[in-house]
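Which chain is which? The protein sequence lines are Y and G, in order.
According to the working numbering, the first sequence holds residues 245 to 577 in order.
According to the working numbering, the second sequence holds residues 245 to 577 in order.
No lab work stands behind these hints, which were simulated from the structure alone.
Treat the hints with caution; some may be incorrect.
[Claimed, not checked] Looking from chain Y toward chain G, a few residues come up when the C-beta cut is under 7 Å (computed):
1. 275
2. 276
3. 295
4. 335
5. 343
6. 373
7. 375
8. 393
9. 460
[Stated by the list, open to error] Taking CB as the label site, the calculated pair distances span:
10. G/490 with Y/387: 25 to 35 Å
11. Y/523 with G/359: 44 to 54 Å
12. G/360 with Y/273: 50 to 60 Å
13. Y/388 with G/398: 23 to 33 Å
14. Y/478 with G/521: 52 to 62 Å
15. Y/478 with G/421: 27 to 37 Å
16. G/555 with Y/248: 23 to 33 Å
17. Y/345 with G/547: 36 to 46 Å
18. Y/536 with G/538: 25 to 35 Å
Quick caveat: nothing in here was measured; it's all calculated off a predicted structure.
Think of the CB as a built atom: it goes at the ideal place given N, C-alpha and C, for glycine as much as any other residue.
There are 2 protein chains.
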Amino acid sequence: MDFSENAAIAAIREELGEAGCLRIELGIGDDAALWQPSRSDRSAISTDAFVDGVHFQRRVTSLDRIGARAMNASLSDLAAMGARPRLATVALGIPHDLTLGDLRSLYRGIARVGKGAQLAVAGGDCTASPVLSIAVTVLGEVRASHAKRRSGARFGDTIAVTGALGASAAGLRTLGDSHLLDGALRQSALDAYELARARLSEGRWLAASANVHAMMDCSDGLGRDCARMAERSGVGMLLDRIPVAPEMAALARATGEDAEELALAAGEDYELIVAIATPAFAHLQARFHKRFGGALLAVGYCDAQAGVRWRRSGATVPVDRYGWDHFEVGEKR
Amino acid sequence: MDFSENAAIAAIREELGEAGCLRIELGIGDDAALWQPSRSDRSAISTDAFVDGVHFQRRVTSLDRIGARAMNASLSDLAAMGARPRLATVALGIPHDLTLGDLRSLYRGIARVGKGAQLAVAGGDCTASPVLSIAVTVLGEVRASHAKRRSGARFGDTIAVTGALGASAAGLRTLGDSHLLDGALRQSALDAYELARARLSEGRWLAASANVHAMMDCSDGLGRDCARMAERSGVGMLLDRIPVAPEMAALARATGEDAEELALAAGEDYELIVAIATPAFAHLQARFHKRFGGALLAVGYCDAQAGVRWRRSGATVPVDRYGWDHFEVGEKR
Numbered sequence: 245m246d247f248s249e250n251a252a253i254a255a256i257r258e259e260l261g262e263a264g265c266l267r268i269e270l271g272i273g274d275d276a277a278l279w280q281p282s283r284s285d286r287s288a289i290s291t292d293a294f295v296d297g298v299h300f301q302r303r304v305t306s307l308d309r310i311g312a313r314a315m316n317a318s319l320s321d322l323a324a325m326g327a328r329p330r331l332a333t334v335a336l337g338i339p340h341d342l343t344l345g346d347l348r349s350l351y352r353g354i355a356r357v358g359k360g361a362q363l364a365v366a367g368g369d370c371t372a373s374p375v376l377s378i379a380v381t382v383l384g385e386v387r388a389s390h391a392k393r394r395s396g397a398r399f400g401d402t403i404a405v406t407g408a409l410g411a412s413a414a415g416l417r418t419l420g421d422s423h424l425l426d427g428a429l430r431q432s433a434l435d436a437y438e439l440a441r442a443r444l445s446e447g448r449w450l451a452a453s454a455n456v457h458a459m460m461d462c463s464d465g466l467g468r469d470c471a472r473m474a475e476r477s478g479v480g481m482l483l484d485r486i487p488v489a490p491e492m493a494a495l496a497r498a499t500g501e502d503a504e505e506l507a508l509a510a511g512e513d514y515e516l517i518v519a520i521a522t523p524a525f526a527h528l529q530a531r532f533h534k535r536f537g538g539a540l541l542a543v544g545y546c547d548a549q550a551g552v553r554w555r556r557s558g559a560t561v562p563v564d565r566y567g568w569d570h571f572e573v574g575e576k577r
Numbered sequence: 245m246d247f248s249e250n251a252a253i254a255a256i257r258e259e260l261g262e263a264g265c266l267r268i269e270l271g272i273g274d275d276a277a278l279w280q281p282s283r284s285d286r287s288a289i290s291t292d293a294f295v296d297g298v299h300f301q302r303r304v305t306s307l308d309r310i311g312a313r314a315m316n317a318s319l320s321d322l323a324a325m326g327a328r329p330r331l332a333t334v335a336l337g338i339p340h341d342l343t344l345g346d347l348r349s350l351y352r353g354i355a356r357v358g359k360g361a362q363l364a365v366a367g368g369d370c371t372a373s374p375v376l377s378i379a380v381t382v383l384g385e386v387r388a389s390h391a392k393r394r395s396g397a398r399f400g401d402t403i404a405v406t407g408a409l410g411a412s413a414a415g416l417r418t419l420g421d422s423h424l425l426d427g428a429l430r431q432s433a434l435d436a437y438e439l440a441r442a443r444l445s446e447g448r449w450l451a452a453s454a455n456v457h458a459m460m461d462c463s464d465g466l467g468r469d470c471a472r473m474a475e476r477s478g479v480g481m482l483l484d485r486i487p488v489a490p491e492m493a494a495l496a497r498a499t500g501e502d503a504e505e506l507a508l509a510a511g512e513d514y515e516l517i518v519a520i521a522t523p524a525f526a527h528l529q530a531r532f533h534k535r536f537g538g539a540l541l542a543v544g545y546c547d548a549q550a551g552v553r554w555r556r557s558g559a560t561v562p563v564d565r566y567g568w569d570h571f572e573v574g575e576k577r
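Next up, chain Y with everything else stripped away, as it sits in the complex (with noise of 0.2 Å):
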């Protein structure tokens, strides 16, 4: 690189601007950033690490949004929790040929995401590396009552997820072969890959229901994540319905695949899964509606037999096939 420490700081410093550290007593440039936690809340915390070659491609996708997408992708921990943020911690491995430019491109789309999510990055660290690699901490906090595991779901549930699946896997897609989809659905998909939103308002709106009873977000795969939260509660699932997003339906019309295949299999929307007792959906749908104008969609229910089956045509088959391990698949969580 060409820049010296200092000179990093403060770039990154520029481009966080002073708005966000006002919820911070202290902040970068000190041991520890400092904070007053909320008197009545828990606090809620997590960490993800994005590398290139593995989680994003540097060649493919600008760094402003890769900056945003690391963020999306931790603040979508705090969604899943009901949690609202309060700070972030960026640990940054810088190779040898990033510029001071693309250092501030990348803090730049931290920045507009973390101030969306009106959250303070309160530190962190930059070190030489042979690859960018981006650790991102998030921190939130949340009433106690509030909290929503993933072990907390019930036989007889609705199974729910805050809008259709794939468009991000099919953005993804895309970003390797760029005739799969063209014009604006081709647009719309790569937005969605590169720009997918944390649920932090759904989140929080969910979390205070009490009979919204378990939630996670959808980050590997709705098969692979329905199998973890039916595995911590302790229940089985019988998926009936994909909820395919149009950009997905498309690819699957050009290549020729499944569509519901693939939207079980697609990561990376950050669309909440959420276990609501089914005697309180229907209302929960139509208030979810009319505050967030999206739907809330069933896609089944708990029940008392093994693991996670997808029924379809009248066939039902486990779904431990779809998804996919961070370390089995080089390309992406």
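Use these hints to put chain G onto chain Y, whose structure you have.
Here is chain G on its own, set in the frame of chain Y:
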């Protein structure tokens, strides 16, 4: 790597044990970790990143010690704030040649230091990466009136350190050239480098004194870190005694270098740099010795001149030339 993400998480949980998790309500395995912050204290957070080939060398240091070192380096920031650790998250970049046994060793070191600091490793992330990298976020708590900033040093304050400097840097040099030191001195230098302990108890004890005006850890060398404290505090500093660790003194004798110059530039000891009201220094020093055995060593004082200067044998020189920039020197931070 030869293992799946699930196997990695299982191994990590096993190495961490359950003990550390008692102080948090929800840890590894949900979207975020959850805990009840202290109602009367401030929260403090700090993030540090460590990369193979930059901050450590996998080929010469055991993974257990690499894990321990990453934790101590991170905890040192809480020590400098006077905070007691509460939890940590760890983001790991795992290269293809790391085995599950290696991962266990790394976490054994992390867990040992975490347990010693009464801290829960509450979450994190594992991802494939071309190089082993470890980003640690530590969260601690401190009474608002005790939190020590870098910016509090005043004219006339005595500047002191919690121990002699350079043992860790001597250890690093020995790693590169095993003939520099031998026998017990070599081992103690290596231990100082690989097992350098965050001064958590010392930091909390010093932070409780109103006569301690500023505190930071000496991670980039006394010269450079004093310059940071002086700048943030709006004071100058004159250093007139550089306490040299025996390991560094022996190394300097072996190489014909200047021991004090080396000690001034030597980082990573995690000794604390403390600005203390001069009238209270002798008494605090006596109490520190009684409490911790080790000595609180005066290295100079704050004055009204510009910058940090080093006076010896009658000559006074600015210290800007000592210490290092994380980006300029590839070996360590």
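Now the hints, each set against the structure:
{"no.": "1", "hint": "275", "in the structure": "4 Å, holds"}
{"no.": "2", "hint": "276", "in the structure": "4 Å, holds"}
{"no.": "3", "hint": "295", "in the structure": "5 Å, holds"}
{"no.": "4", "hint": "335", "in the structure": "4 Å, holds"}
{"no.": "5", "hint": "343", "in the structure": "13 Å, violated"}
{"no.": "6", "hint": "373", "in the structure": "5 Å, holds"}
{"no.": "7", "hint": "375", "in the structure": "5 Å, holds"}
{"no.": "8", "hint": "393", "in the structure": "6 Å, holds"}
{"no.": "9", "hint": "460", "in the structure": "6 Å, holds"}
{"no.": "10", "hint": "G/490 with Y/387: 25 to 35 Å", "in the structure": "55 Å, violated"}
{"no.": "11", "hint": "Y/523 with G/359: 44 to 54 Å", "in the structure": "46 Å, holds"}
{"no.": "12", "hint": "G/360 with Y/273: 50 to 60 Å", "in the structure": "28 Å, violated"}
{"no.": "13", "hint": "Y/388 with G/398: 23 to 33 Å", "in the structure": "42 Å, violated"}
{"no.": "14", "hint": "Y/478 with G/521: 52 to 62 Å", "in the structure": "60 Å, holds"}
{"no.": "15", "hint": "Y/478 with G/421: 27 to 37 Å", "in the structure": "58 Å, violated"}
{"no.": "16", "hint": "G/555 with Y/248: 23 to 33 Å", "in the structure": "28 Å, holds"}
{"no.": "17", "hint": "Y/345 with G/547: 36 to 46 Å", "in the structure": "40 Å, holds"}
{"no.": "18", "hint": "Y/536 with G/538: 25 to 35 Å", "in the structure": "59 Å, violated"}
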